[in-house]
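Visitor: Listed below are the residues making up each chain.
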Amino acid sequence: MTNVRKLAGRGGLYALLGAFAFFGAFPFYWMVIATFKTDHDLFSPLNNPFLFNEPPTLDHLKNLLFETHFHTYLTNTLWVGLAVVVITLVVAVPAAYSLARWARGWGEMLGIGIFLTYLVPPTILFIPLSRFTSSLGLQESLWSLILVYPTFTIPFCTWLLMGFFKTIPKDIEEQAMIDGLSRFGAMWKVVLPLSISGVLTVVVFAFTLSMHEFIYALTFISVSMKKTVSIGVPTELVRGDVFQWGSLMAGALIASLPVAVVYTFFLDRFVAGFTMGAVK
Amino acid sequence: MGCVEIRGISKLFGNVRAVDQVDLATNEGEFLVLLGPSGCGKTTLLRMIAGIEEPTAGEMVTDGRVVTHLPPRMRDIAMVFQSYALYPHMTVYKNIAFPLRARGVEKEAVRKKVEWAAGMFKIERLLDRKPRELSGGERQRVALARAMVREPSVFLLDEPLSNLDALLRASAREELRQFQRRVGVTTIYVTHDQVEAMGLGDRIVVMSQGKIRQIGTPMEIYQWPADTFVATFVGSPPMNLLDQGDTLLGFRPETFMPTDAVEGSGGVVTYPFEVTYLEYLGAERLVYGTVGEKSHARHVVSRLPGSLILPMEAGKTYPFAVALRDLRRFDKKSGLYKEGGPS
Amino acid sequence: MSGQPVSNLAVDGARGGLLDREGALAKLMIAPAILYIVAMIGVPFVLAVLYSLSDATTGDPSLNFVGLRNFTAALEDPVFRLSLWNTVFFTLASQCIVVLLSRLLATALLKTFRGKWLVRFLIMLPWTAPISLGTIGWLWMLDSIFSPIDWVLRYVGLLGAPDALLGAGTNLYYLGIPGLAISSIILVDVWRILPLATVIQLAGLSSIPKDLLEAAEVDGASPWRRTLMITIPLTLPITSIAFLFGVVFTFTDLVVVYVLTRGGPVHMTQVLSSWTFFKGIEGGDLAQGAAISLFMFPVLAAVAILILRMARRTEVV
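Protein chains in written order, with the working numbering: chain A, 1 to 280; chain B, 1 to 343; chain C, 1 to 317.
Keep in mind that the hints were calculated from the coordinates and are not lab data.
All values reported here derive from a predicted model rather than from experimental measurement.
Take the hints with a grain of salt, since some may be wrong.
[As the list claims (entries may be wrong)] Derived lysine to any residue pairs resembling SDA-like cross-links, with alpha carbons at most 25 Å apart:
1. LYS27/C - PHE22/A
2. LYS112/B - THR68/B
3. LYS27/C - GLY107/A
4. LYS116/C - VAL204/A
[Stated by the list, open to error] Far from chain B, some chain C residues (derived; all Cβ distances over 10 Å):
5. ALA24
6. ASP77
7. PRO78
8. PHE113
9. SER144
10. ILE182
11. VAL259
12. VAL266
[As the list claims (entries may be wrong)] From the structure, some residues in chain C lie toward chain A, with a derived Cβ separation under 7 Å:
13. THR112
14. MET124
15. LEU133
16. SER183
Every residue gets a Cβ at the ideal spot worked out from N, C-alpha and C, and that includes glycine.
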């Protein structure tokens, strides 16, 4: 009796999870289908859209990679992402350490203040920032994105790293100072190597958050050659009014999957940063 | 080499005086124990000596050199933390080598020194392991080896035995003492455990509320406490205290015995002792009870050797006595020890 | 044995260098972050307020102050009023659904089962993949002619036949008919935030001490009672945090509306962020755009305060 019940519960669990996985992943499955379907198959409303009614084709992929600027979007995204990662690390690591170790009173308020700036959305800032970057002569330049993206990576990563540094016992760096390092040396040579996973998390998030960004890129960049993947694919793979669905889906898929895989590995830490370490 | 002198050191955390106007000087090569309840300022004092905490006021001198504001690396000290603070990402070898590498000692010299220190603590076979693969006792030895490897002139220890289990603690205590005798390095040791303090210290510094209450040998601290705090903090069960006008009379439980058992050549004071409760502990018997009229009766404890076979029952009153030479007198208001004969 | 003394005592009586001074280091190390945040978030925010009080345009960005004219003009504009209502409605509708679904999903994910990694990866995709690209997938799925949903409906006979339940037309035009467009946007909003809310909920659920539930079981509490009296009260703060973050992201999101409908049909799905974009950037009216975007601020400030309060509360638990 209990066995039957157990089995039913198990079945229910899998059904539930299956439904949710279907809901979450279906648009991406749909991208896979569209990527390899011939246009004729794709645009025949009577064909079963879930199956390959005609043999699969690589035409859309070829078109995407050789006829469009897709590879330029990828390089642009990579370049912006890496630059943002470097800036974020240089600014957020020392700030987070300072807040984690030395903040008392006003310093704690400062930490909360930094976190709250993460809640100030691009939708409020993009108008003044577009004026700001163009007055610096950065319109249509990737540098405008590199300058602006840290507005969301720095507050978030500072907060995330602060939590990491707080988990490292103070004893260790005091011991390092007694063993002959300066105050700064103790942080540089002992605490940083110990927080390597925290730093790695920040690298991943600074990069993925830059890659996900849409509004600033849409506002600052309109030249095709300067676009990043997140705006290039939705705005450029359209001829006149006609979407090139096959290539569009291929582009969305190629750009999404790798970053999604990496992100999934680090998701729990992302959430820990979010909930301000309130959940242990 | 190896004298620490502290002049009028204070440390404030906000409005809290963690350490309050402390003067202290170590002797060459001695084992000095800072003893006190938690929160008495002993660890803060040690951290100021190490240079991790900067004093709010006062001056610190080691070997004739003012070091008050020097960072730890510029003082010739080593320290072992309560947690041992081993670098978790380094092997035992690298841990021990760390203080030498940080000072730019060249590789070959480092290797010799590490081997010497590891040999001293018999941990040669652990050199390739990471700290998490070590037992508590092994960790403690690694921490000691790391502290000793650069032969500091002062050696600081912050409750290094508190993370060991009881059995290991006793043997580690003995080892530590022997090792310190052999090397002869001036050692300052912080603990809240009076047994450790009595067993290890050449001298004990008893602290409470940021102030030093008494400095003395274990014998002096136990036999001649400077005030009622020391009298009741050191010794278990603590010293009995009885009111007598503006004076408190103090006597250790083991000096409070049935009248027949007290050797009274110098005179005795006798009390009717109403027994309320008995504890048989094998080597000794603890007898709890009261002395004095019902309205201001005082709780008193007697510690009788196990060899003293004397039938005793709760609820009955027995004649007990203290030899005059075992009586200590304290001022009731200030709690300070008072000179003067018995009354 | 003993080598030469290894201590380095060259600096006598002096203080250590800058690298030893905590106070100086503390300030020096946080200074770049503060400077950047003030320059790139603080100043632009003030600038947004100034724009909203001026008549600046992309062509003439000089600031001539006109008082609250932009705000009153916005309030009189029916499109603005609609987008304000839409923003609130989309946010609340999607986040209420998200809270319920994420709780269900988190409870399921708490169990151990085979292939958990894959299931987790698939469920998390909407959050981990770039939002604009995921939404493009939806755009193709909701296509006016080639939507697979329509195909299925036709296949089972609910659509496309003379007496079909959903009408005789071959397609439903998800993004072309106001009611369906609104539902589509809410659906995609749910799809987008559900993974994040689930992971936050999961963290909350797994932080409940096991012995607490076991104690309740020993005390004779039924599973229902345990959920009601222990799990829900204990996870209420973290559930609220999940909800509030969902609100922040949905409330300020531009991508879903921009990619799916561009606010159409005829502004029926316009939200504050898209209206800001169309007015302020595409229309070039910086002042109007800034004023519209600032209408988001009171809500965000309130949410921020609530998040801080909730976080404090969870720390006590």
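Visitor: In ascending order, which of the hints set out earlier in this document are inconsistent with the structure?
Guide: Checked against the structure, the hints that fail are numbers 1, 2, 13, 16, while the rest are satisfied.
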